[in-house]
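Generate coordinates for the entire structure from the input sequences, incorporating the hints supplied.
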Amino acid sequence: MPARMNTKDIPLQARGLTKRFILHTQGGTEIPVFDGIDLKVASAECVCLHGPSGAGKSTLLRSLYANYKPDAGKILVQHDGSMVDLLAVEPWEVIEIRRRTIGYVSQFLHVIPRVPALNIVAAPAIMNGVDADTAYSAARTLLSRLRIPERLWSLAPATFSGGEQQRVNIARGFIVEYPVLLLDEPTASLDDANRLTVVELIDEAKVRGAAIVGIFHDGGVREAAADRLFEVGQPLVQKRLPNTAAEAAA
Amino acid sequence: MTAAAKVATRRILLDVRGVSKSYGGQVGCLDVSFALYPGEVLGIVGESGSGKSTLLACLAGRLAPDTGSIAYDTKERGLVDILSLSEPERRRLARTDWGIVHQNPRDGIRMDVSAGGNIGERPMSIGARHYGKIRAEAHEWLNKVEIDLARTDDKPRTFSGGMQQRLQIARNLVTRPRLVFMDEPTGGLDVSVQAKLLDVLRGLVHELGIAAIIVTHDLAVVRLLADRLMVMQRGRVIEEGLTDQVLDDPHQPYTQLLVSSVLQV
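The listed protein sequences derive, respectively, from chains Z and V.
Under my numbering, read the first sequence as residues -5 to 244, first letter to last.
Under my numbering, read the second sequence as residues 13 to 277, first letter to last.
What the hints contain is simulated information worked out from the structure, not anything from laboratory work.
Take these hints with a grain of salt, some might be off.
Partial selection, computed: residues in chain V whose CB lies under 7 Å from chain Z [claimed, not checked]:
1. Glu52
2. Asp119
3. Arg240
4. Asp256
5. Asp261
Pair ranges (Cβ atoms, derived) [to be verified]:
6. V:Leu161 <-> Z:Ala36: 53 to 59 Å
7. V:His218 <-> Z:Val83: 42 to 48 Å
8. Z:Ser155 <-> V:Val125: 45 to 51 Å
These numbers were taken from a predicted model, which means no experiment stands behind them.
Heads up, the beta-carbon is just placed ideally off N, CA and C, and yes, glycines get one too.
What follows is the structure in structure tokens.
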């Protein structure tokens, strides 16, 4: 049940989040990823998910966006002034929450082919009711800051380099002032200057009060952007539940 | 903020409960239930013979299910079981509130009537009489679906498949239906044309706040267009949820097989 107290400055909270994959096409192999994760992210805070490759950082981040479906637990998001469990609401509500409250910058750009970069970046703002002129002007500002040459703005990003596509994706994620922002390795294929810009964008988002969760492999970015590290992965290996209990919990 | 942003709760637009249809001993669809909300785009995927087209035909009132109910939120009377409507009432509903986009544009447009005439037909059938206004509206819609205005008076049989499909969409959306049924809307089209059509379709659905039910076997189409997804196998809905969730984290064996079988290019 959504608790009312002490939630004012905790825009995002995970409780008892448990996730495993069952690969039916591969002999029903079961892959436990995490078990009973509790995470609170405060307003104006940036938490870095930390752990070795394969520890489940991306799975956790995707779960926080309801892109992956955890087997147990809650994801409480402050939306329209009340706490909503992202895992318990109707699909259209998740879409509303994603449109206005939770932004997500994925590692790779998934968009309709042949749509120009400028339109891709402006789209989330327009979907939030920002008038087209303002949205396009904000999109231009972000693309300039992220050093996407103006001659590319009217082109579809399919032919862009990996780094350029990632920057289009970042611009798209920062054009709306989401109260919660999830960043999946936003700087993985960027040069130093652009990494610095991303750190600036993260700082600006924090200043306006965003709660941010990110995966940053780059040590410099992690140092500059993250307020604390959240370890993912280790406890699961030690804390193996007997099968029956795990099944009961699921 | 848009109007949608202020809506805290939504009324159900289409309430489907326990719909089954079989052909003799052959199962079409089995015990399908779901609620569709205004502005929501629902994708239905599954292999050939999984029952998705049968289900769509039942939902659109073209086929009577054996059991179950299909209630639609009509403007005048609220939720009404469409199966209880008389034929004229259902036809009126289909003309004013619904749109149906067929896989083959030939089934949805009149090939011997000009493009402008195709678009003007629905407005005229519900009472539009002013020629200038009808023509202006036809132009507006040709623009929206990016068909050159110079082709307004041409017959669709001189159009390419992609143009015909866009014309069919314009013809359906001109009266601003609240619900559109689409059966493989990009099915017969060249891949290069599909992207354009998807972009046009997505823009219009968002701009007009139309709810849509799209049947397809193309997972890329639902990823780009649908908010929500139902996966059908042997007549039943075996998995459903947010589109990206079902595609990225499928739980059922069949859905996992479906998703993992897509060829990457």
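Quick one, is the Glu52 of chain V hint okay against chain Z at 7 Å, beta carbons? With Cβ-Cβ at 5 Å, under 7 Å, it holds.
Can the hint on Asp119 of chain V be confirmed by a CB-to-CB distance to chain Z that is less than 7 Å? Cβ of Asp119 of chain V sits 26 Å from chain Z, so the hint is violated.
Is 53 to 59 Å respected by the C-beta to C-beta distance linking Leu161 of chain V and Ala36 of chain Z? Once the Cβ atoms are compared, 56 Å apart, the range 53 to 59 Å for Ala36 of chain Z and Leu161 of chain V holds.
Can Asp256 of chain V be said to touch chain Z, with a Cβ gap under 7 Å? 5 Å, holds
Would the hint on Asp261 of chain V stand, with a C-beta cut-off of 7 Å toward chain Z? It holds, given that the least Cβ distance between Asp261 of chain V and chain Z is near 4 Å, below 7 Å.
Is the shortest C-beta separation between Arg240 of chain V and chain Z less than 7 Å? Result: holds, 4 Å to nearest chain Z Cβ.
Taking 45 to 51 Å as the hint, is the beta-carbon distance of Ser155 of chain Z and Val125 of chain V inside that range? 48 Å, holds
Are His218 of chain V and Val83 of chain Z spaced within 42 to 48 Å by their CB atoms? Since the Cβ atoms of His218 of chain V and Val83 of chain Z sit about 21 Å apart, the hinted range of 42 to 48 Å is violated.
The structure does not agree with the numbered hints 2 and 7 stated previously, though it agrees with the rest.
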